[in-house]
Every structure is written in C-alpha cells, then in structure tokens.
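This is what each chain is made of:
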Amino acid sequence: MDSATDTVLAEQFDEIEQQHSADTLGMWIFLATEVMFFGGLFAGYAVYRFSFPHVFYAASHHLDVLAGAIDTAVLLCSSLTMAFAVRAVRLGQRWMSILLLGVTAVFGAGFLVIHGFEYHHEWTEHLVPGGSFAFEGADPHRAQMFFWLYFATTGLHSLHVLIGVALMLVLAVLVLLEKITAARFMTVEIAGLYWHFVDVVWVFLFPLYYLAGAR
Amino acid sequence: MKLQPQSYLAEHTVRSWLLTHDHKRIGILYLLTIIVFFAIASVAAALMRIELVTPQGDLVTSETYNKLFTIHGVLMVWFFLIPSIPAVLGNFILPMMLGARDVAFPRLNLLSWYIFIAGGVLALWSLIHGGVDTGWTFYTPYSSTYSNSHVISMAAGVFVAGFSSIITGMNFMVTVHKMRAPGLRWFRLPLLVWSLYATSLIMVLATPVLAITLALMSVERVWGVGIFDPKIGGDPVLFQHLFWFYSHPAVYIMILPGMGVVSELITCFSRRRIFGYGYVAAASMAIAVLGFVVWGHHMFVAGQSVYSGMMFSILSYMVSIPSAIKVFNWTATLHKGSISFATPMLYALGFIGLFTIGGLTGLFLAALAVDVHVTDTYFVVAHFHYIMVGGMVMAFMGGLHYWWPKITGRMYPEFAGKLAAMITFIGFNLTFFPQFILGYLGMPRRYHAYPPEFQFFHILSTAGASILGVGYLLPFLYFLWSLKWGRVASGNPWEATGLEWQTPSPPPTHNFEKTPVVTREPYAYDAVTGKEEPQEGLMQQTSAV
Ligand SMILES: [Cu+2]
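Chains as they are written, first to last, in this note's numbering: chain A, 1 to 215; chain B, 216 to 760.
It is worth saying that the hints were derived from the structure and are not from the lab. We put the CB at the ideal spot given by N, CA and C, even for glycine. Do not take every clue at face value.
Selected chain B positions facing chain A (Cβ under 7 Å, derived; list incomplete) [said to hold, decoys possible]:
1. D317
2. M385
3. M388
4. V424
5. I427
6. L457
7. G552
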C-alpha cells in the first residue's frame with residue numbers, strides 16, 4: 001500500500017468504511033435502476049410471448065443456439081476474471097491486476113465480435129424487421145415482433161458490454177499509472193458489480209430468445 | 216471569539232459556480248435553471264388562457280394550440296415540478312438536516328445538473344424548431360407514426376433529463392442511509408427527509424421505465440416498425456401502460472416533497488410537535504409504494520379489461536388513506552398550537568386546503584363510472600392542477616420563503632410576502648375552480664375552440680390566471696430586492712428546530728464546524744413556551760461561536 005488512507009477519504013465522509021459502504025450502496029441503487037430500464041423490454045417480451053406464443057417458438061429457431069451458448073460461456077468466464085481482478089487490486093498485485101482487467105476486456109470484446117457475426121448473419125437472412133423482412137412460416141408479420149425485441153434488447157445489452165469494455169481498459173490504465181492502488185480498490189470493486197450485472201442480464205436473455213423454441 | 220468560517224457564497228467567480236461540488240450551490244444552480252423553464256411554460260399557459268377567452272379559435276390555430284399545451288406540460292412536469300423541491304430545496308437542505316457536510320456523491324450531484332441542462336437544451340431546441348404537438352404524454356401511434364413535429368428531440372430531452380433525477384434520487388438515498396449525524400436515528404429524521412427518501416425511491420425505480428418507453432417510441436418512429444405498432448401485432452395500449460407506470464409515480468415525485476415541506480412549516484409556525492410522527496413518515500413510504508400499482512386508472516377508457524379497471528380503481532382509492540392521514544395529522548398539529556401567520560405558514564395552510572380539494576376530486580376520477588363521464592375533460596385538468604400547482608407549487612413557494620434567510624442570509628419583506636401568498640391563493644382558485652364545473656358540464660381538454668355556453672367559466676379562469684401571474688411575479692421581484700436590501704437574517708430567524716438552523720446564515724461551505732450530535736426527536740418545541748426545548752448541551756451552539 002503506497003497511498004495513505006486520508007488521501008482516499010473524500011471530504012464529505014468521516015471514515016473510510018462509511019465511504020466504502022456509501023459507494024457500494026450507490027452502485028446497487030444504480031443497478032436497480034438498470035433492472036427497471038431493461039424491465040420495460042422484458043415486459044414487452046412477456047406481453048407478446050403470451051399473446052402469440054407459436055410465432056415466438058418458430059422465430060426463435062432462426063437464432064444460432066451454439067453462438068448464443070458461446071456468448072454465454074465467454075461472459076461467464078469474463079465474470080470470473082473480473083472477480084480475480086478485484087482480488088488482485090485489493091492485494092496490490094499491480095501487473096496481475098492489469099492482466100486480469102485486460103483479459104476481462106478481451107472476453108467482453110470477444111462477445112461483441114461473436115454477436116456482430118450473429119447480427120450480420122441475421123441481416124443476410126432478412127430477419128431484421130422493416131421493409132426487407134422475410135420470414136418463412138405462419139404469421140410473418142408477427143414474427144417481426146420477436147426479432148424487433150431481440151435486436152432492441154440484445155442491442156441495449158451489447159451497448160452495456162461496450163461501456164464495460166471501455167471501463168476495463170480505463171481501469172487497467174489507471175492501475176498502470178498507479179492512480180488505482182490497493183487503497184482505492186473500491187473503484188474496481190464497483191466496476192465489477194456493473195460487469196457482473198451485465199453478465200446476469202445476458203443469462204436471462206439467452207434462454208428467453210435463443211431457447212424459446214427448444215423442446 | 217473564533218473567526219467565522221467563510222460563507223458558501225463568498226467566492227464570486229463564474230468558475231467557482233460552474234465547477235462547484237457544494238450541494239448548496241448546486242441547489243441554487245437548479246433554482247436559476249428551473250425559473251427559466253417555469254417562465255417559458257407560463258408564457259405558453261398565458262397564451263392558451265388568452266386564446267380561451269373567446270369561443271372561436273382566433274388567436275392561434277389548433278395546431279399551435281397543440282404545441283402550446285405540449286410545451287407547457289413537458290416543461291412544467293420534467294423541467295420545473297420534478298426538480299423543484301427535490302433538486303432545489305432538497306439539495307440545499309437535506310445534507311444539513313442530516314448534519315452532513317455534503318451529499319454522498321458531490322461530483323455526481325454537479326453532473327446531474329449538467330445532464331439536466333443538456334436535456335433542457337434538447338427540449339428548447341425542439342421548441343425553437345417548431346415544437347411538438349403530441350401532448351406531454353407522447354401517446355402512440357400519433358407520436359411514433361403520424362405527428363409531423365419534433366417528437367424525437369423532445370423525447371430525447373426528457374430521456375436525458377430523467378437521468379439527472381435518477382442521479383439526484385440515488386444521491387439522496389445513499390446520503391440518508393450513510394451520512395446521518397451521530398444519534399440521528401431513522402425515527403429522529405425530519406419529515407422532509409422521509410418524504411425526500413420516498414421521492415428518491417420513485418425517481419430511481421420509475422424514471423428508467425419512462426426512459427426505455429420513450430426510447431422504444433423513438434426507435435419505432437425512426438425504424439418505421441416497432442413494439443407499439445399494430446402492423447406487426449404490437450399494442451399501442453402497451454405504451455400507455457409503460458408510460459403511466461412511470462408517470463403515475465411521477466405525480467408523487469410532484470407532491471411528496473411538498474408534503475415534507477408542509478410538515479416542517481406547520482410544526483414551526485404552530486410551535487408544536489407533529490401529531491403522529493410515525494404515521495406521517497410511514498404515510499410517505501406508503502404513498503410511494505402504492506403509487507407503483509395504480510397506473511391503470513389513467514386507462515379506464517383505453518380498452519383495458521374491466522377487471523383490471525376494478526383493481527386499479529380499488530388500489531387508487533387506497534392511496535387516499537395515507538394522504539388523508541397526513542392531512543388529519545397536520546390539522547391535529549395545528550390544534551391548540553400557538554399559530555403565527557408568517558408567509559411560509561400562509562402557503563402551508565393554502566397547501567392543505569388545495570391539496571384536500573385536489574385529493575377528493577381524485578376520488579371522483581378513481582371511481583370507474585364517474586371517470587367515464589369526466590375523462591379527458593377540464594375536470595381532470597382542474598384536479599391535477601390542484602395537486603401540482605395548488606399543492607406542490609404552494610409548498611415550493613412556502614419552503615422557499617422559509618429557507619430564504621438560510622439560503623441568502625437575508626429576510627424577504629414580510630408584508631409583500633403575505634400579500635403574494637394571498638394573491639396566489641385567490642388567483643389559483645379563480646383559475647382552476649371554474650374548470651371543475653367546465654369539465655363536469657362536458658368541456659373536453661386540449662381544444663382551442665368551444666361552444667359559446669362555456670365562455671363565462673373560461674373568462675373566470677383566464678381572469679384568475681392573470682391574478683395568479685401577479686402572485687408569482689411579486690415574489691420574484693421582492694426576492695431579488697431582498698438580496699441587496701433585505702434585513703440581515705440571523706442563524707435561526709424562525710426559532711425553528713432542525714439541524715439546518717444550527718448553522719450560520721448563509722452557512723459555511725461544509726455547513727457544520729463540528730459534526731452535531733442528535734439526542735432527541737425532531738420538532739421538540741416546548742409545549743408551554745413554544746420555544747425549542749432546552750437540551751443538555753450536546754448539540755453544537757452556533758450562537759456561542
Ligand atoms: Cu395517476
């Protein structure tokens with residue numbers, strides 16, 4: 001530990017414990033906000049899946065379950081490296097922290113690349129709602145709703161992943177510059193909460209969209 | 216004799232204001248900003264009232280009229296009422312009420328103001344480039360498909376401004392949880408803190424739903440198809456569900472803080488403890504929670520099933536229980552108090568009367584059958600203006616007068632204050648009471664022309680609005696006047712309890728020289744003298760400094 005506690009403590013707080021618990025609570029409240037933000041889309045999904053379930057089953061078959069499974073695996077691995085990164089920062093292991101934050105960012109970027117290929121595939125298959133949409137099967141109009149929700153929800157999620165990747169890179173640089181040391185581990189811990197949240201959202205998205213058609 | 220620490224107003228540079236982390240300065244930045252939005256929205260209202268003097272649509276076209284009520288609604292709701300008490304008075308007072316040096320996240324607090332400005336700029340951009348004609352509710356499919364106005368930029372402005380209220384809510388919640396002075400247990404918190412906490416809960420949990428709803432509507436407008444689009448099986452009523460899931464709780468963002476302020480005013484100016492402290496505090500939380508399950512009462516005629524209509528009707532009725540508890544407890548607090556009719560108290564008493572009328576007429580609207588008769592009429596307009604203007608704006612004005620000496624170190628002129636409070640009360644009732652009658656007789660809202668038999672009531676209403684305008688202009692002028700010529704205020708001019716009054720006026724940057732220790736319940740006014748009860752020297756005595 002090369003940084004004294006009193007430089008870490010913000011002036012509005014009395015003790016470092018107070019500051020840490022305030023920071024953590026703040027992040028949890030922000031995540032509650034995020035749950036409600038995604039909640040609007042999940043509500044839309046629930047309404048339309050109950051309204052026309054068969055269309056949703058049929059449309060779901062057009063998503064690549066294998067790619068989705070790889071997405072899931074990549075994100076879960078990134079959560080693991082994130083947890084280790086927090087530990088490394090706490091223990092003051094500078095290079096280990098940078099490595100683990102970097103690996104987390106790479107996993108996140110990998111997720112985005114795989115998803116980009118999926119989007120491209122769906123584009124060539126004419127599954128993007130709008131003028132060029134084409135769907136073999138009953139009720140092609142309503143099938144658009146499935147894909148509309150799919151693109152909106154996974155798009156919003158990917159945006160969150162992108163922000164997370166940028167965050168990891170910034171943190172890695174800050175650790176490199178010794179702006180983040182063991183005394184300031186809270187910054188990384190809170191970023192970790194965000195990252196785990198983004199993963200958890202995917203854990204819900206994967207079955208709802210990719211596995212909706214599975215028997 | 217120690218040297219007084221510098222007042223938070225001591226530094227004068229623009230930079231010291233624009234980069235400040237001080238919750239008090241941020242409160243003032245918000246105050247200046249919302250005054251601008253209030254002025255613009257008031258001009259829109261004035262133009263509407265002038266148009267409605269005659270039955271023919273002779274001043275503006277119906278299209279312009281649509282844009283006027285949209286800009287009035289959008290600006291008043293999101294850029295004035297929602298930030299009014301929380302972001303202005305709350306920012307200023309809440310940390311001091313807790314005995315804290317600042318909010319938990321001062322930098323985020325400043326960021327919230329910049330986000331608010333960004334949202335405001337987007338809204339004003341839409342206004343300058345021709346406005347929006349959807350009404351503040353942005354109902355689909357009109358907003359997503361048919362309207363030819365600047366819907367997206369306006370929705371973006373509301374979307375962005377929403378994040379400023381999310382940040383404020385988060386900041387307040389963490390501050391209340393983590394930054395209370397030693398001894399300041401939850402049930403020793405002033406009731407304004409309770410109501411701001413309940414408000415924050417709504418800001419944090421409901422605002423993101425509005426954000427995603429407006430985003431989905433905007434994407435649908437750009438993309439051409441979308442989740443609310445019947446062409447692909449979408450349901451426009453889903454938009455209404457999501458919109459009101461936010462906007463009904465938002466109504467409580469626009470009244471709960473007012474209730475908190477009134478609890479402070481009533482106790483101080485009747486020199487009594489609040490009657491039933493626990494009930495008033497719990498009522499705030501109950502209103503916040505119940506507010507999340509009543510949104511369907513906005514859709515009784517929108518094609519929602521009759522069974523959900525019944526449920527929403529019953530649940531809406533239940534909100535009247537905690538609301539009535541508050542009114543009864545304020546009244547009981549007044550009973551046998553030694554009441555003084557200072558300006559803030561006049562506003563508080565006005566609040567109780569007008570809120571009661573607004574609340575009772577809310578019951579008419581929550582009743583399924585009656586609602587069918589008065590849906591989308593002036594009855595609804597009058598009802599929510601009684602809550603939002605008669606309630607929230609009265610409370611905001613009362614609070615602003617009450618804390619003005621703390622904020623500026625100067626007293627406002629008392630006679631002019633009382634006069635303005637009276638003019639506001641009279642003007643308000645003359646503006647909006649006739650609208651109850653108009654609505655009951657069948658005058659629909661949002662029309663710029665109407666059958667001649669309604670003209671009498673419209674003229675009354677417009678006359679009232681001009682009086683109301685004077686009632687708002689007057690405080691604006693004497694507040695400015697008082698900054699230079701007002702009597703210098705002491706630390707505690709009202710002899711009120713509450714930690715914010717233990718600081719000098721205006722307070723130093725970090726509020727308290729030494730973190731105060733709290734040993735008793737709030738509103739500890741002595742039953743005999745009405746003065747603050749003496750306590751065993753634990754609380755910091757600033758008068759001795
Ligand atoms: Cu409502």
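We went through each hint and held it up to the structure:
1. D317: At about 4 Å, which falls below the 7 Å cut-off, the nearest Cβ of chain A leaves the hint on D317/B intact, so it holds.
2. M385: holds (5 Å)
3. M388: holds (6 Å)
4. V424: It holds, given that the least Cβ distance between V424/B and chain A is near 5 Å, below 7 Å.
5. I427: Constraint on I427/B satisfied, holds at 3 Å.
6. L457: Holds: closest Cβ of chain A sits about 6 Å from L457/B, inside 7 Å.
7. G552: Violated - the Cβ of G552/B stays beyond 7 Å from chain A, reaching only about 37 Å at its closest.
Checked against the numbered hints above, the structure breaks only hint 7 and satisfies the rest.
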